[in-house]
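J.: Each chain, written out:
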Amino acid sequence: MLELYHWEPNIYFLKPLIALGEAKIQFTAHYFDPTAFEQFSPDFPQNTESSLQLEREGPLLVSGGEVLSSSFFILEYIAESHPAAGLDPQEVYDRYRARAWGQYIALQLAPGVCALGCARYLAPALAARDPQQLTARIERIEPQERRAAWQAVVSGQYDERTQEAIRERLKAPVRRIEESLGRAEWLAGPRYSIADIDAFAMLAPLPQLAPGLVSEATAPRIMQFLRRVRARPAVQQALTTGRSGRPEQAFVPGAEPSRWG
Amino acid sequence: MLTLYHWEPNANSGKPMLALAEKGVDYQSHYLDLLRFDQHQPEYLKINPDGTIPALVHDGRVLTESTPMMEYVDEMFPGPALRPADALERWRMRWWMRFFDSYFGPSVSMIGWSIFVGPSVRGRDPAELRAAIDRIPLESRRIAWRKAMFNEFSAEELAESRRRVQFGIRALETHLDRHPWIAGRSYSLGDINGFNLGFGLPLSQPEHCNDRITPRIMEWLRKIYERPATQATWAKGRTSLASRVTMLKRQS
Numbered sequence: 000m001l002e003l004y005h006w007e008p009n010i011y012f013l014k015p016l017i018a019l020g021e022a023k024i025q026f027t028a029h030y031f032d033p034t035a036f037e038q039f040s041p042d043f044p045q046n047t048e049s050s051l052q053l054e055r056e057g058p059l060l061v062s063g064g065e066v067l068s069s070s071f072f073i074l075e076y077i078a079e080s081h082p083a084a085g086l087d088p089q090e091v092y093d094r095y096r097a098r099a100w101g102q103y104i105a106l107q108l109a110p111g112v113c114a115l116g117c118a119r120y121l122a123p124a125l126a127a128r129d130p131q132q133l134t135a136r137i138e139r140i141e142p143q144e145r146r147a148a149w150q151a152v153v154s155g156q157y158d159e160r161t162q163e164a165i166r167e168r169l170k171a172p173v174r175r176i177e178e179s180l181g182r183a184e185w186l187a188g189p190r191y192s193i194a195d196i197d198a199f200a201m202l203a204p205l206p207q208l209a210p211g212l213v214s215e216a217t218a219p220r221i222m223q224f225l226r227r228v229r230a231r232p233a234v235q236q237a238l239t240t241g242r243s244g245r246p247e248q249a250f251v252p253g254a255e256p257s258r259w260g
Numbered sequence: 000m001l002t003l004y005h006w007e008p009n010a011n012s013g014k015p016m017l018a019l020a021e022k023g024v025d026y027q028s029h030y031l032d033l034l035r036f037d038q039h040q041p042e043y044l045k046i047n048p049d050g051t052i053p054a055l056v057h058d059g060r061v062l063t064e065s066t067p068m069m070e071y072v073d074e075m076f077p078g079p080a081l082r083p084a085d086a087l088e089r090w091r092m093r094w095w096m097r098f099f100d101s102y103f104g105p106s107v108s109m110i111g112w113s114i115f116v117g118p119s120v121r122g123r124d125p126a127e128l129r130a131a132i133d134r135i136p137l138e139s140r141r142i143a144w145r146k147a148m149f150n151e152f153s154a155e156e157l158a159e160s161r162r163r164v165q166f167g168i169r170a171l172e173t174h175l176d177r178h179p180w181i182a183g184r185s186y187s188l189g190d191i192n193g194f195n196l197g198f199g200l201p202l203s204q205p206e207h208c209n210d211r212i213t214p215r216i217m218e219w220l221r222k223i224y225e226r227p228a229t230q231a232t233w234a235k236g237r238t239s240l241a242s243r244v245t246m247l248k249r250q251s
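Chains as they are written, first to last, in numbering that gives the first Met the number 0: chain A, 0 to 260; chain B, 0 to 251.
Worth flagging that the hints you see were computed from the coordinates, not collected in a lab. Built from N, CA and C at the ideal position, the CB exists for glycine as well.
Derived list of chain B stretches under chain A, where covered just means 3 residues or more per stretch with a C-beta under 8 Å from a C-beta of chain A: (1) 71-79; (2) 84-90; (3) 134-147; (4) 169-183.
Required output: the full structure, derived from the provided sequences and hints.
T.: Put into structure tokens, the structure is as follows:
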């Protein structure tokens, strides 16, 4: 039996929830609260890869005792080990496109989306806590990149000017996705695939976080795409797995932006 | 019809070169001289408007992301499988390729750009260099080239890159202590990816990557170096960047 460690159905956490639902796979769900740092408790599943966590606090899939991290590769694992679900594109070239989207979204879109979400929702939530306890807890986080990502949120690094610069950097990936959706209904071939699940999870917060970038006026095809994916029963079901009642406000630090600028 | 546009057998260009060689697939090779900015010339921008290398053109389709490109090569062509059949090992291969591509690689290459790429072009006419920068399509690449050409990497960012390279070396040594190959039991695209990034480490990081401190990495690099496909691929190199690979030759 697969086990999924997840938080609210938003950003990285939403992806495997959708894919497992689409493939109708039975799994044991372990809900955890990364803002309470439950992912650092001693009984939380861990291996080298999950502690280096390129996506910071993201979901974990446990399969046969092995701990899988990094959300797009979890999607590929689900799709490849359950081929009957048809979540992988059928053509070799379309599978290339799905993987290229997975990489592009992870490196170009996700860091900015998570940073904007943390600035709007996580920073004020953390500001309401006892600062000494919070600082002491964050100081114990390893490795240092993961620690620094939390410190950036707490220290107010995402001020208005930084957020504006992040929105500016998101323009290119948003435009690229909008153009692709103008050529075809789905991102990687003639049918819905893991590329669409991946894109949906990261695009869905943008109408709220960056309406200047994603709205009916500026990115109508993305808006249609979001409605099309959201209407799927497996997505509807995944969106009910939260406990806060406001999954669209659930953000934790994501992958870091490129250090090359 | 299969055409690969590439630079040296190194980093991203070397990934599809070595994967194609391992599969035994013939292709038309277009060498682009990165140091002469061939990749920003109009004829290449018609193929890849982003102006990044490598690019693979197969039956009119253009592939520009080197890691997914390798998976395409493995799936599309006959020859030995370069991805494990086991789904978990495939996941592990992909996770480590992302670690190489997004964490380890950019730090290794920042150092490489500051000590090799930058000095290689710096003697030229500054006006010519500025014009070359203006032709670069992606903002992130413009920034990288400007820093390399005019030696603008800050001490802090280079120090952070060195820290990350050392951290990555330790993580890789630990990983190879548990598994003989990146994905687990067999040679895969993960090793091809890692070799392209890491074959120069014993020379560029001699105090952190050597037989005493990182014996697993050294043995892994040598085993890959000895493969016929690696020998054939690195023989295509034209600069000292590629010829560094010979330091992996075992002393008999």
